[in-house]
Amino acid sequence: MMLEAVFFYTFTSTMIFAALLVVFSRQPVYSVLSLLVVMFCLSALFIMLGAFFMAALQILLYAGAVLVLFLFVMMLLNLQPEALARMRVFTLRTVGTAGAAVWCALMWKLFVSTHPANPLSQIPPPAGLVEPIGRLLFTRYLLPFELVSFIILAAIIGAVTLGKQERSSK
Amino acid sequence: MITLNHYLLASALLFAIGLMGIMTRRNVIMILLCIEIMFNAANLAFIAYARALGDLGGQIMVFFIIIVAAAEVTVGLAIAILLSRQLKTLNADEISFLKW
Numbered sequence: 001m002m003l004e005a006v007f008f009y010t011f012t013s014t015m016i017f018a019a020l021l022v023v024f025s026r027q028p029v030y031s032v033l034s035l036l037v038v039m040f041c042l043s044a045l046f047i048m049l050g051a052f053f054m055a056a057l058q059i060l061l062y063a064g065a066v067l068v069l070f071l072f073v074m075m076l077l078n079l080q081p082e083a084l085a086r087m088r089v090f091t092l093r094t095v096g097t098a099g100a101a102v103w104c105a106l107m108w109k110l111f112v113s114t115h116p117a118n119p120l121s122q123i124p125p126p127a128g129l130v131e132p133i134g135r136l137l138f139t140r141y142l143l144p145f146e147l148v149s150f151i152i153l154a155a156i157i158g159a160v161t162l163g164k165q166e167r168s169s170k
Numbered sequence: 001m002i003t004l005n006h007y008l009l010a011s012a013l014l015f016a017i018g019l020m021g022i023m024t025r026r027n028v029i030m031i032l033l034c035i036e037i038m039f040n041a042a043n044l045a046f047i048a049y050a051r052a053l054g055d056l057g058g059q060i061m062v063f064f065i066i067i068v069a070a071a072e073v074t075v076g077l078a079i080a081i082l083l084s085r086q087l088k089t090l091n092a093d094e095i096s097f098l099k100w
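Note that the protein sequences, when read in sequence, are chains A and B.
According to my numbering, the first sequence is numbered sequentially starting from 1.
According to my numbering, the second sequence is numbered sequentially starting from 1.
Everything labelled a hint here was simulated from the structure, so no lab data went into it.
Where a beta carbon is used, it is the ideal one built from N, C-alpha and C, also for glycine.
Hints are supplied without guarantee of correctness; some may be wrong.
What the hints assert, rightly or not - So the derived label-pair ranges between C-beta atoms look like this: (1) A/A65 to B/I79: 14 to 22 Å; (2) A/A5 to B/E94: 45 to 53 Å; (3) B/G54 to A/T97: 50 to 58 Å; (4) B/A92 to A/V6: 16 to 24 Å; (5) A/T161 to B/K88: 20 to 28 Å; (6) B/E94 to A/G99: 48 to 56 Å; (7) B/L87 to A/T161: 16 to 24 Å; (8) B/D55 to A/L60: 21 to 29 Å; (9) A/R140 to B/L98: 38 to 46 Å; (10) A/L147 to B/K88: 17 to 25 Å; (11) B/S96 to A/W108: 31 to 39 Å; (12) A/G134 to B/I79: 30 to 38 Å; (13) B/A92 to A/E146: 32 to 40 Å.
As the list claims (entries may be wrong) - Only pairs whose alpha carbons sit at most 25 Å apart, straight line, appear in this in silico SDA-like list of lysine to any residue: (14) B/K88 to A/R26; (15) A/K164 to B/I22; (16) A/K164 to B/L53; (17) A/K109 to B/L53; (18) A/K164 to B/L82; (19) A/K164 to B/M23; (20) A/K164 to B/I81; (21) A/K109 to B/A45; (22) A/K164 to A/S149; (23) A/K109 to B/V75; (24) A/K164 to B/V68; (25) B/K88 to A/K109; (26) B/K88 to A/Y30; (27) A/K109 to B/M23; (28) A/K164 to A/R26; (29) A/K109 to B/A70; (30) A/K164 to B/I79; (31) A/K164 to B/A45; (32) B/K88 to A/A159; (33) B/K88 to B/M23; (34) A/K164 to B/I2; (35) B/K88 to A/F24; (36) A/K164 to B/K88; (37) A/K164 to B/N5; (38) A/K164 to B/A78; (39) A/K164 to B/N27; (40) A/K164 to B/L9.
All chains should be modelled from the sequences, with the hints used to inform the complete structure.
See below:
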């Protein structure tokens with residue numbers, strides 16, 4: 001019981017800190033590496049919530065594929081650290097921070113008022129292993145599972161088309 | 001005692017940080033990164049509810065969200081490369097040819 005709280009607060013604070021680093025660091029590569037830390041902390045939280053397969057997918061797909069793609073594009077484009085007029089940065093940052101703070105306060109109120117607090121450890125966890133998830137995917141969620149392959153296909157064709165058009169028009 | 005509310009609050013915080021990033025950063029690739037943070041905040045909420053309700057449906061939904069996010073990143077980064085080649089900029093303030 002105690003251990004759960006220790007793990008939760010460790011991973012959550014690391015995650016929030018890394019997410020803030022993603023937003024505020026000037027070097028794009030540092031942002032991507034901080035996002036990597038966010039992904040690993042999130043997958044640790046997923047494991048604590050009993051979603052073992054999703055935790056593995058999170059690391060494989062996000063850390064392994066998506067972030068590597070981001071890094072490739074950054075190396076390709078040779079990004080410079082952002083340089084903006086000081087005033088613009090200041091106004092944007094103030095507005096964004098105030099908006100996010102108000103939104104966060106509203107969420108806090110909402111959660112505290114509506115949900116009765118019963119500890120998660122008293123509820124039996126769902127088995128987030130490969131077999132039950134695979135069974136569900138191929139029975140109840142078969143149609144969305146097949147449709148999602150069209151999204152992937154469309155994304156691949158779109159990316160190839162976007163990349164190719166440039167060369168022919170030049 | 002860790003309850004559902006704790007996880008939902010962590011998710012809301014993560015979402016707010018992503019939102020703040022989208023509002024403050026002007027680089028297209030940075031905006032895409034912050035969208036990834038927001039996707040992950042939603043994933044955390046889904047998985048927390050799957051745990052609290054004892055239902056695997058939330059985890060299946062996260063599976064689909066991860067796939068859609070991967071597709072979104074692929075197309076988004078292709079557009080970013082195209083922008084930097086044709087307009088020579090990645091600053092979202094300067095890319096305004098769709099405004100008129």
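Structure-inconsistent hints, enumerated in ascending order: 3, 4, 6, 10, 15, 16, 19, 23, 25, 28, 29, 31, 34, 37, 40
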